[in-house]
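Engineer: Please take these sequences and the hints and turn them into a complete structure.
Residue 51 in full-length UniProt numbering sits at position 51 of the sequence shown, and the numbers go up by one each step.
One or more hints might be untrue.
Said to hold, decoys possible - Taking lysine-lysine pairs in the DSS-like style, the calculated list, with each CA pair at most 30 Å apart, reads:
| no. | residue 1 | residue 2 |
| --- | --- | --- |
| 1 | K48 | K11 |
| 2 | K117 | K130 |
| 3 | K129 | K143 |
| 4 | K23 | K7 |
| 5 | K11 | K23 |
| 6 | K143 | K130 |
| 7 | K13 | K48 |
| 8 | K117 | K129 |
| 9 | K5 | K23 |
| 10 | K117 | K5 |
In short, the hints are calculated from the structure, not lab data.
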Amino acid sequence: MEFRKIKNLRKEKKITLTELGEKTGYSASFLSQIERGTNRPSLEALRKIADSLGVTVAYLLANEAPQVIQDEETSEHGYKVIRNSSGTIYNPWQTNSTYYDTLFNLPVHTNNMVISKIYIDAQSSSSGKKIAHNLCEINYVLKGEATVELNDEVLILQEGDAIFLEAFTQHNILNATENELMLFTLQF
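Structural biologist: Given below as structure tokens:
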């Protein structure tokens, strides 16, 4: 995973790698490796870098999603759908020998980051009606098929598809099938 966004922000702010290193306590070499994707930063390292650049960790990660075809990008309506057209399911927590299923709340600047695995029974919904809240939300379909109600639209998401919802976007997630629906959800 490359963090080009760090390099772009650093250059926008006219900060050298050495200067960013002084602010974060990391070497210029380490920061360069992060920008090029040859070294994966810890959450703590991302937090220090984000603080030094005046952004949130979520902002740095926002464009670091897996490279999939985005056949529907309608942010003016308060959401963006990312389709998994490759047929493979992206799981950022899996290695050759270990499978991570980590769920936690993490304070991020003035907001809260909530990561959840959500199970929705057959013929059920997440809330029973459209709701809106003050957090942005990413829902990734791990298993099953999700029907997402948005304002006057209804979207169907398959395994491997994801949707980004801006804060205060009215939505309801339904499982209209006879099979279990499992979602990975990030709210921030």
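Engineer: State for each hint whether it applies.
Structural biologist: Checked hints:
1. Of the supplied pair hints, the one linking K48 and K11 holds, its CA atoms being roughly 17 Å apart against a limit of 30 Å.
2. A threshold of 30 Å between alpha carbons decides the hint, and for K117 with K130 the separation of about 20 Å falls inside it, so the pair holds.
3. Between the alpha carbons of K129 and K143 the distance comes to roughly 22 Å, so the proposed pair stays at or under 30 Å and holds.
4. For the suggested pair K23 and K7, the alpha carbons sit about 15 Å apart, so the restraint of at most 30 Å is met.
5. Proximity of K11 to K23 is assessed by CA-CA distance (about 15 Å); at most 30 Å being required, the pair is judged to hold.
6. Distance check on the hinted pair: K143 and K130 sit about 22 Å apart at the alpha-carbon level, within 30 Å; holds.
7. For a cut-off of 30 Å, the pair hint linking K13 to K48 stands: about 16 Å separates their Cα positions.
8. Between K117 and K129 the alpha-carbon distance is near 20 Å, which keeps this suggested pair within the 30 Å criterion.
9. Restraint check for K5 and K23: the C-alpha separation of about 18 Å stays at or below 30 Å, so the hint holds.
10. For the given pair, K117 sits about 28 Å from K5 by alpha-carbon distance, which is consistent with the 30 Å threshold.
Of the numbered hints given earlier, the model fails none.
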